[in-house]
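Fit chain B to the known structure of chain A by using the hints.
Protein chains: 2
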Amino acid sequence: MASYPPAIERLLDELTRLPGVGPKTAERYLFALLRQPSAGLKAFGQAVANLHETILNCQRCHNFDTQSPCRYCRDRQRDQQVLCVVADAPDVLAIEQTGVYHGLYHVLGGTINTVEGQGPEQLHIADLLGRIPKEKITEVILAMNPDIEGETTSLYLKKALAPSGVRLTQLARGIPTGGDVTYLDEATLGEAITHRQPT
Amino acid sequence: MASYPPAIERLLDELTRLPGVGPKTAERYLFALLRQPSAGLKAFGQAVANLHETILNCQRCHNFDTQSPCRYCRDRQRDQQVLCVVADAPDVLAIEQTGVYHGLYHVLGGTINTVEGQGPEQLHIADLLGRIPKEKITEVILAMNPDIEGETTSLYLKKALAPSGVRLTQLARGIPTGGDVTYLDEATLGEAITHRQPT
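For the protein sequence lines, the chains are A and B, in the order given. For the first sequence, our numbering gives the first residue as 12, with consecutive numbering after it. For the second sequence, our numbering gives the first residue as 12, with consecutive numbering after it.
It is worth saying that the hints were derived from the structure and are not from the lab. A hint or two may mislead.
Which copy? The list can't say, so a pair holds if one copy fits it or any two copies do.
[Claimed, not checked] Cut-off 25 angstroms, straight-line C-alpha distance, at most; resulting in silico cross-link-like pairs (SDA-like, lysine to any residue):
#, residue 1, residue 2
1, 53, 23
2, 145, 29
3, 53, 21
4, 53, 34
5, 35, 121
6, 53, 65
7, 169, 111
8, 53, 20
9, 35, 120
10, 53, 18
11, 35, 182
12, 35, 78
13, 35, 52
14, 147, 111
15, 53, 190
16, 147, 167
17, 145, 133
18, 53, 38
Keep in mind it's a predicted model, so treat the numbers as computed, not measured.
Pulled out of the complex, with its shape left as it was, chain A reads as follows (with noise of 0.2 angstroms):
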């Protein structure tokens, strides 16, 4: 079977190791990059060799930036008592795009995946637990994605935070905005009914 020269085949096989990116694509990436400019393929080359260099994971709150601590756990502005756990750093940027939260963040690092063999010890959970007494947290906002994977997390979390007394919420379930009652999946709309809000 015909195959590339073994540089090229090494560097293909390092752009599948990108999330979702098969043979095929990482094909169609490399001769992507190939007809770009040397200097953009050298900024970009020295971008990603120095991206630990470049962007720091906050020795606090885990969620990614520039510096450590990030920029929301050093903006005095926001409120220093609640917690946003999150599974992983985009989440906090999702977050902050609703404008409607002004705490602090956890990111976990991922969820607990006993398939990937990810377990709770992979994940910044004892951080988590040691910063409830010691910045004397009263709420934690659990805000995990509502899958198996997500929901396994929360309980474990939930399991976990129970003797700290804290606050315990979770984001609310129902139906979404520009949802269609008609079409919405049966858990989704059974949600709604269940955790139905004054009006």
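Only chain B this time, still in chain A's reference frame:
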């Protein structure tokens, strides 16, 4: 609207230059890269930065290889008088993997696409025309995709190559292996009837 720090935004911009990558995919890729160890990132980043030094465009056929002329152009065992014209370098490997072609290649570097402002002068068509008399080519196989851009390019090449008197062929049109007559699109089925072959 909340956004990432400038250093992160710049990297996300670079990632969205890859074909088919939007802001959300760029975000997934960036955070996947951040999870990789520093050594891996350095190696990958350097490989991207040095792409144009490692992977060369063959001066003769414009295929990509670690040497120029490329391994197909260097291989004297191949039929030196048959030229297969393809749009992009990955097509060369696809044809090689069939194991049925043993001639030379010519990579155009794209197709004629008037919508995106890519005309014949942006493609390696002038050198193709030059190769025919210089290398005493007897047959040119047009192996462009059977879509609008591919057909336009084939038509253009047909006219441009006519004065040379070279034998012009194209990939056979018909039912793909594993295809189903009931569910084939009319264009393909029509071509399969028109170009029916003796059994």
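Hint check results:
1. In this assembly of identical chains, the alpha carbons of residue 53 and residue 23 lie at most 25 angstroms apart whether taken from the same copy (18 angstroms) or from different copies (16 angstroms).
2. Neither within a single protomer nor between protomers do residue 145 and residue 29 lie at most 25 angstroms apart by alpha-carbon distance, with minima of 37 angstroms and 44 angstroms respectively.
3. For the homomeric pair residue 53 and residue 21, the shortest alpha-carbon distances inside one copy (18 angstroms) and between copies (14 angstroms) are both at most 25 angstroms.
4. Taking the shortest alpha-carbon separations for residue 53 and residue 34, both the intra-copy value of 24 angstroms and the inter-copy value of 22 angstroms come in at or below 25 angstroms.
5. Taking identical chains as interchangeable, the C-alpha atoms of residue 35 and residue 121 lie at most 25 angstroms apart only when they sit on different chains, with a minimum of 17 angstroms there against 27 angstroms within one chain.
6. Proximity of residue 53 and residue 65 under a CA criterion of 25 angstroms is satisfied in both settings, with 16 angstroms inside one chain copy and 13 angstroms between copies.
7. In this homomeric assembly, residue 169 and residue 111 come within 25 angstroms of each other (Cα to Cα) only inside a single copy, at 24 angstroms, whereas the closest approach across copies is 62 angstroms.
8. For the homomeric pair residue 53 and residue 20, the shortest alpha-carbon distances inside one copy (20 angstroms) and between copies (18 angstroms) are both at most 25 angstroms.
9. For the homomeric pair residue 35 and residue 120, the shortest alpha-carbon distance between copies (18 angstroms) is at most 25 angstroms, but the shortest distance inside one copy (29 angstroms) is not.
10. For the identical chains of this complex, residue 53 and residue 18 are neighbours both inside a copy (17 angstroms) and across copies (16 angstroms), given an alpha-carbon limit of 25 angstroms.
11. With identical chains, the CA atoms of residue 35 and residue 182 are at most 25 angstroms apart between copies only, with a shortest distance of 22 angstroms across copies and 38 angstroms within one.
12. Taking identical chains as interchangeable, the C-alpha atoms of residue 35 and residue 78 lie at most 25 angstroms apart only when they sit on different chains, with a minimum of 23 angstroms there against 37 angstroms within one chain.
13. Proximity of residue 35 to residue 52 under the C-alpha cut-off of 25 angstroms is found in both arrangements, the shortest distances being 21 angstroms within a copy and 22 angstroms between copies.
14. Only within a single protomer do residue 147 and residue 111 lie at most 25 angstroms apart by alpha-carbon distance; the minimum there is 22 angstroms, versus 72 angstroms between protomers.
15. Taking the shortest alpha-carbon separations for residue 53 and residue 190, neither the intra-copy value of 45 angstroms nor the inter-copy value of 45 angstroms comes in at or below 25 angstroms.
16. Taking CA atoms no more than 25 angstroms apart as the test, residue 147 paired with residue 167 passes inside one copy only; the shortest distance there is 21 angstroms, against 74 angstroms between copies.
17. For a Cα distance limit of 25 angstroms, the shortest separation of residue 145 from residue 133 inside one copy, 22 angstroms, qualifies, whereas the shortest one across copies, 64 angstroms, does not.
18. In this homomeric assembly, residue 53 and residue 38 come within 25 angstroms of each other (Cα to Cα) both inside a single copy, at 20 angstroms, and across copies, at 21 angstroms.
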